[in-house]
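The chain contents come next:
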Amino acid sequence: MQPLVEFWRAYQSTVAFAIVNAFFALSTYSVLSAGILSFATVTYAAMGGFVGARLVLLTGLDPVFLLPAAMLAGAALAYLVALIFLRLDSHWMALASLALILITRVVVINVPSVTGGVNGLSLPVSIPLGVLVLLLLVAIVVYHRLSVSWYGIATRAVREDPAVASSLGIAPRRIQTIAFAISGAIGGIGGMLLALALQFLSPDTYFVNIAFTMIAGVVLGGSYHWVGAIIGAAVFTALPVLAQAVIPDFQEVANGVALLLIMIFLPRGLVDPRAIRLRRAAREGQGEALAAAVPAVAAARRAGGDAP
Amino acid sequence: MAARAAAQADTTLLQVEAIGKNFGGVAAVSGLSMTVRSGSVAGVMGPNGAGKTTLVNLISGLLPSDSGTIRFGGTEIQRLAAHDIAALGIARTYQNVRLFSGMTVLEQVMAGCFLRRGTSLWASFLGLPKAVAARKAVEAHAMELLERVQLVRQAQLLAETLSYGEQRRVEIARALGTGPRLLLLDEPTAGMNVQESNEIGSLVHSLRDGGLTVLMVEHNVRLVKEFCDHVTVMNFGRLLADGTPAECIAHPDVQAAYFGNTADADRIRALR
Amino acid sequence: MQLFLEQLINGCALGSLYALFGLGFGIVFATLGILNAAHGSYASWAAIAALAAVEQLKLPFIPALLIGVLAGGLLAVVVDQVAFQPLRRRGTGMLGALITSIAFWIILDSLAGTATGQQSLSFPRGSYPGAMFHLGEIPLPAMQVITIGVMLGVTAGLHLLIRRSRFGAAMRAVGWNQTAASLGGVNPRYVVIVTAFIAGATSGLAGVLGGITTHNVSFLLGEGLLLKGFAAVVVGGYDDVRGTAVAGVGLGVLEVMSAQYLSSGLRDGITYALLLGFLLLRPRGLFGSLGFSRA
Numbered sequence: 000m001q002p003l004v005e006f007w008r009a010y011q012s013t014v015a016f017a018i019v020n021a022f023f024a025l026s027t028y029s030v031l032s033a034g035i036l037s038f039a040t041v042t043y044a045a046m047g048g049f050v051g052a053r054l055v056l057l058t059g060l061d062p063v064f065l066l067p068a069a070m071l072a073g074a075a076l077a078y079l080v081a082l083i084f085l086r087l088d089s090h091w092m093a094l095a096s097l098a099l100i101l102i103t104r105v106v107v108i109n110v111p112s113v114t115g116g117v118n119g120l121s122l123p124v125s126i127p128l129g130v131l132v133l134l135l136l137v138a139i140v141v142y143h144r145l146s147v148s149w150y151g152i153a154t155r156a157v158r159e160d161p162a163v164a165s166s167l168g169i170a171p172r173r174i175q176t177i178a179f180a181i182s183g184a185i186g187g188i189g190g191m192l193l194a195l196a197l198q199f200l201s202p203d204t205y206f207v208n209i210a211f212t213m214i215a216g217v218v219l220g221g222s223y224h225w226v227g228a229i230i231g232a233a234v235f236t237a238l239p240v241l242a243q244a245v246i247p248d249f250q251e252v253a254n255g256v257a258l259l260l261i262m263i264f265l266p267r268g269l270v271d272p273r274a275i276r277l278r279r280a281a282r283e284g285q286g287e288a289l290a291a292a293v294p295a296v297a298a299a300r301r302a303g304g305d306a307p
Numbered sequence: 000m001a002a003r004a005a006a007q008a009d010t011t012l013l014q015v016e017a018i019g020k021n022f023g024g025v026a027a028v029s030g031l032s033m034t035v036r037s038g039s040v041a042g043v044m045g046p047n048g049a050g051k052t053t054l055v056n057l058i059s060g061l062l063p064s065d066s067g068t069i070r071f072g073g074t075e076i077q078r079l080a081a082h083d084i085a086a087l088g089i090a091r092t093y094q095n096v097r098l099f100s101g102m103t104v105l106e107q108v109m110a111g112c113f114l115r116r117g118t119s120l121w122a123s124f125l126g127l128p129k130a131v132a133a134r135k136a137v138e139a140h141a142m143e144l145l146e147r148v149q150l151v152r153q154a155q156l157l158a159e160t161l162s163y164g165e166q167r168r169v170e171i172a173r174a175l176g177t178g179p180r181l182l183l184l185d186e187p188t189a190g191m192n193v194q195e196s197n198e199i200g201s202l203v204h205s206l207r208d209g210g211l212t213v214l215m216v217e218h219n220v221r222l223v224k225e226f227c228d229h230v231t232v233m234n235f236g237r238l239l240a241d242g243t244p245a246e247c248i249a250h251p252d253v254q255a256a257y258f259g260n261t262a263d264a265d266r267i268r269a270l271r
Numbered sequence: 000m001q002l003f004l005e006q007l008i009n010g011c012a013l014g015s016l017y018a019l020f021g022l023g024f025g026i027v028f029a030t031l032g033i034l035n036a037a038h039g040s041y042a043s044w045a046a047i048a049a050l051a052a053v054e055q056l057k058l059p060f061i062p063a064l065l066i067g068v069l070a071g072g073l074l075a076v077v078v079d080q081v082a083f084q085p086l087r088r089r090g091t092g093m094l095g096a097l098i099t100s101i102a103f104w105i106i107l108d109s110l111a112g113t114a115t116g117q118q119s120l121s122f123p124r125g126s127y128p129g130a131m132f133h134l135g136e137i138p139l140p141a142m143q144v145i146t147i148g149v150m151l152g153v154t155a156g157l158h159l160l161i162r163r164s165r166f167g168a169a170m171r172a173v174g175w176n177q178t179a180a181s182l183g184g185v186n187p188r189y190v191v192i193v194t195a196f197i198a199g200a201t202s203g204l205a206g207v208l209g210g211i212t213t214h215n216v217s218f219l220l221g222e223g224l225l226l227k228g229f230a231a232v233v234v235g236g237y238d239d240v241r242g243t244a245v246a247g248v249g250l251g252v253l254e255v256m257s258a259q260y261l262s263s264g265l266r267d268g269i270t271y272a273l274l275l276g277f278l279l280l281r282p283r284g285l286f287g288s289l290g291f292s293r294a
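Chains as they are written, first to last, in numbering that gives the first Met the number 0: chain A, 0 to 307; chain B, 0 to 271; chain C, 0 to 294.
None of these hints come from the bench; they were simulated from the model.
Heads up, the beta-carbon is just placed ideally off N, CA and C, and yes, glycines get one too.
The following label-pair restraints were derived from C-beta to C-beta distances:
id, chain 1, residue 1, chain 2, residue 2, range
1, A, V132, B, A132, 27 to 37 angstroms
2, C, L134, A, F264, 50 to 60 angstroms
3, B, G24, A, I275, 40 to 50 angstroms
Partner residues aside, some chain B positions facing chain A, computed with beta carbon under 7 angstroms:
id, residue
4, A81
5, R91
6, S100
7, A110
8, T177
Let the hints inform the model, and build the full structure from the sequences given.
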């Protein structure tokens, strides 16, 4: 019993950070599933984190009650971003979202009344792990419901072929704007949860580093299903901790190597609904049809090999 | 059924007037005018590169036109976005089948039923009973459409693993999901054998009997003769001939476009 | 007035670093269509290699510099062949390449952190030219003169290479369409490797010079250069090296001036505001050409 308790105490914070990263990954996944690569989750997180932290310091309320504020702040910001950025071509949009993060840091430094400026903001309030787990479960229910609804099919259509989706009455920009709003809401919550987990915010907390690792986590876990986002975040958080036992001083490298291997061998990520369905089809004896379709499948896999 | 079709037969559903589209310096479509009567099956023929697919792209809103107007049921649509045109009642298929990668046959058709989703995002997200009921209704409707194209057995299979002919039928079912008044088919029988082509032809006829108007880009002369009420022939982006299938096929310009000039044939013979 | 001129020169020197780095980054972006997140680490590692050459091998300035440049170039080739070549064969687009480059960014930056003991190292005095010139009353450190001069020289050289030489034509052909280029008699693999080397070497050069002048040999050096160099490429126009050079120097000057006359907190503000502005309103930059599509 005792070793289990020791183990738990040692890895509690890892689990907590894995859950926070899962929120960021889900936020990135939300727009990725509608065909958009955007790093702006970091900005929504900054919004939610600083707004939430300030409100906690000002009101002294339990942070759980203030989460909706972080969520709404993130969603509102994301909606604005959508209005401006959705006009851009997809490659430029990804770069513009990167520029947005860079500007966010400048803004954070220059608004010390909210963010504490260069010196940062101290938040001596924490959130119990149980609450984090509960919040993640709620997020899971939301994402599941959305993915099996008409919204889920519509986003997949927009991602795979926006022109065809349009001809079916699905307006890509409308769907993508909704995706942005959801991304902002979840990102805002994640940002506030990060603030509560770190208990200290600096201008570098919400910056390029987490932008790159969150997109990497989503791709590694599988960018074609929300479960992939959660698994990717978990792997990315846990891998360095595990690696530390084996190759200390090089544990950060483990994430990079894992991502590289996935990109080369499993570009659609660990969780790939299409691969699962193909395997099921093969098992159920679709042999002939499958053989005939192999060139088409190989071509589709190559086309789908573009991770996002 | 037939009575309804007869009553609609005299109304013009689609009116294209002097439509034009340039790509760089090339006029893909130029000054083309045509009408499609409600409840009819209209054929569009022409050699490769004649601009037939561009015409379909212009009508469905995939491409913006450079000049001219397109009227659908009286409304001008050439400036509308594709999704608005779809909501007005025009659906289409593609020359190279464009199904969504990674989705099952049923999901493809359900995507097509987007306009019939019948519930708001909040209702779905909260899991309200009316949202659950709406989804069940959409699924049922999608299955009905699959029955129309005889693909019920394959509903849960990944669409991209089906045979080419079956994929085309999925695409048609998907297009029908939007509940269109006008269905644009771009070379629906390309790559099919005689039996499959006939099946498509009968499907088109049964759709017309149900009140749908169909515009078909088709190379297969036999099919056009058998299933089309009216034919428009294009060449080099322009109108070449317009009339009943028999009239168009017998037209000397049409024959020259497809088979070459007798003058050229004489010249070649003279070279020997 | 003297302060203004001093800061102007400081800005030009800093901007020359950005320009130099941006040249390498921009070549890969414009001709190979890859947004390489790991490019900054080539600069970091070049600085680390040069510092090691100075400290371990006791080499003088120029050989150490060359070792750093070589290191940058070789690293770029290795990353290209390991990360991007398999994707090229598969026909993956820019976004897939970006994510793979992020993998290498993680790997190379962590290794660099370990190599410098998680600290910011400095080149020892005497390992580089420390002479001080004077322009009237204004002090002009030798390293600043060298940096600006090198930037001008490299810009001119690259411009001639890309626009006036056969190899440059081959680079542009391969960047546009590898299959078509090979049909035209170009060996795409060879062109890609040489291009990657040039890009890595140029950014490596920026890394060594930057590591010396900013007293910051660490993975942060590369990250800083990456962000500013990227801004220079976008603002200047990614397919013209002269545009990148002008934009880089301009951004350096604006940065120093805004830190001096506005506030140190806004130091990066103008750079990133310009970056975002150009991306939203004029993605082809000041001097770039239209009709550039990568899909």
